[in-house]
Amino acid sequence: MSKKTIGRRTTLGLIGAGLVAAPFIRPSYGQAAWPEQTTVPDILKGSGEVRIATFGGLMQEVQQKAYFEPFEKITGIKVRAFPGSDATKIKAMVDTGNVEWDMAQLSRGSIMNLQKRGDYFEKIDYDIVDPGVEAQYRFEYGLEMLVWAQVLAYRTDAFKGAVPSGWADFWDTKKFPGDRAMFGTNSGGWPEMEFALMAAGVPADKLYPIDIDKALASYSKIKKDVFKWWDTGAVPIQLLTDREVTMTTVWNGRMAALQAAGVPAAVSWNQGLLKRDAWGIPKGAKNKVNAMKFAAYSTMAIPQARVCLGIPYGSVNAKSNEYIPAERLAVLPSAPDIKKQLVNYNYDWWIDNREAVIPKFNKWLLS
Amino acid sequence: MSEVVQPASLALAVSRPKTVPFDWRRAVPLLLAAPLLIYMLVFYALPVVAMLLRSVNDPTWTLSHYATLFDDVVFQKTFWITINTSVTVTLGCLILGYPVAMGLVRSRSMAPFILVIILLPFWTSVLVRSYAWMVLLGRHGLVNEALLALGMIERPIRILNTPLATQIAMIHILLPYMILPIANALRQIDPSLIRAASGLGATPFMTFRQVILPLSMSGVAAGTLLTFVLALGFYITPAMVGGPRDITLSMLIAQQVDQLNWAYAATLSAVLLATALALLAVARKLPGVGNAFKTSMR
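Residue numbers (the working numbering), protein chains in the order written: chain F, 826 to 1192; chain L, 7 to 304.
Hints in this document: simulated from the structure, not taken from any laboratory.
Glycine residues also receive a C-beta, built at the ideal position from the N, C-alpha and C atoms.
A hint or two may mislead.
Covered stretches of chain F (chain L as the covering partner; in silico rule of three or more C-beta atoms under 8 Å from a C-beta of chain L) [what the hints assert, rightly or not]:
hint : region
1    : 936-946
2    : 1060-1072
Simulated pairs of lysine to any residue, SDA-like, Cα-Cα distance not exceeding 20 Å [as the list claims (entries may be wrong)]:
hint : chain 1 : residue 1 : chain 2 : residue 2
3    : F       : Lys1185   : L       : Thr74
4    : F       : Lys916    : L       : Leu266
5    : F       : Lys999    : L       : Ile163
6    : F       : Lys1188   : L       : Ile163
7    : F       : Lys1188   : L       : Gln82
8    : F       : Lys999    : F       : Ala987
9    : F       : Lys1188   : L       : Leu266
Please construct the entire structure, taking both the sequences and the accompanying hints into account.
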């Protein structure tokens, strides 16, 4: 039963992403030449293959070109990519001893939440990781490899020229009328308690530890206007496109495609959350050595820069900026002007407290 | 092949009194069913048992997961939403489906046409049909645009992402499961009974009320049961078109699987399964439904 449920949900997400995103996927690669990595340390070379689970969609297309293909060429290790990465599946794989992935794209939160329940991930071999990868992106059971933001997005044609900025405006349905959508708890999602707190006036540097009751009290003020608690990144984009909502929270990379398709919508970076994706290597992965090599390669300056050129997400390698044109840098969540408006997501707090938050949030939602 | 045959014949041999000589002809039905039975055992029964076990032995043997349900507000609300939705959808299917089933049986010339209308959507995936409803019911969808054009509303109304949208889409998806058993029952009514009723002076309504309706109850019961049990497990449709608070039990199970609370998810699944089984057990005792089971056995 549970297995079937995962299947359905994943299919739903995948097909949803496909249907919704398909008309306006126009990756921005090809506009300018991408930097090429011509050499790698011998320790990264090898043979055989590495099986990598990704979040699919445009992101995987970009990953294919940014580092899967160059990695194959330069190291001799073949990459097989699978969309639909999911910590639940890794738990099932490791529990049954049938580990089908050598590496998976996840968040530090999902990796550590699973690791809390047993030994599900291999430790990262930091000896071969590029020194350019900043310390904040390194942790024992994973290596962060992508910086992105969860931000406010709105229809620019909805408010007669008024520009919302921050969560107080999101909560203000008099000044900015219309339905809202926010990230919900389905699909293993974590509610946006930080946004609720900032809407209630809590300063960005005082968010953690999160006062759950205060956040829910703030949520109550917007509850009746939240038309959809979304669970996959394609949903808010579709809601904005179809004019079902005037304002929603989004994953910033998705917005580029929307804007490229000519939908009058924009992002407000102010008070957004700066989040990261990480590579995790499932315990007992057959090609874990190759996976480790790939993790090290993909976080080097040039492969990271290539991702930034393909999709507006940021790099974990400080030296990547040398390979990214200034006008591109300016639209990434890692750009200094943008980054200073964002709040660092506190994975540690969530790893410790998610189990307390979800039932409270569910109860609040149904009351 | 011999391993496939053995368990079935063994089971049969055990269940028979020893004095009766073994009759191979009586084993034929079981042998015919054996491949499917074994398939179901391996790919359905065993996983279900494994899942149910998880609800009582995670982390150790305990009934605590079930005990917590008694003061688990989230479970109780979700359970109520699930039952409520299923009842509404089943009633909707019955009201809309019965006349269609009558039309299907009564009209010889239109029957193929009606059948195609019923079955065409039946062959389309639930996902695609749910997307179609999103397009139709959206704030700027066809329904709202039509109502606006007719001047019946001044501003687009919210239909998508409400309980109503869930009910509309689920009724659409489940209608064939109601219509086909009813049509089957109606088709089995001896036409001479209806002629006799009118010959004895019954009005068409009296004929319907006193002859057709009672005789079709087995189909109504079968259709109702099938629709209700299927509705209990709905997941995709309420997730896609339902309201922000329309969390069905299946959605809660999926959420808890993703949140890695597998014991809780297994407990919820067991409750859902038990509800469906209890309904089947109760329904079999009802007059009419028992007939439906017998009819399907024939």
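Consistency of the hints with the structure:
no., hint, in the structure
1, 936-946, "holds (count 3)"
2, 1060-1072, "holds (count 3)"
3, F:Lys1185 x L:Thr74, "holds (15 Å)"
4, F:Lys916 x L:Leu266, "holds (9 Å)"
5, F:Lys999 x L:Ile163, "holds (19 Å)"
6, F:Lys1188 x L:Ile163, "violated (28 Å)"
7, F:Lys1188 x L:Gln82, "holds (10 Å)"
8, F:Lys999 x F:Ala987, "holds (12 Å)"
9, F:Lys1188 x L:Leu266, "holds (18 Å)"
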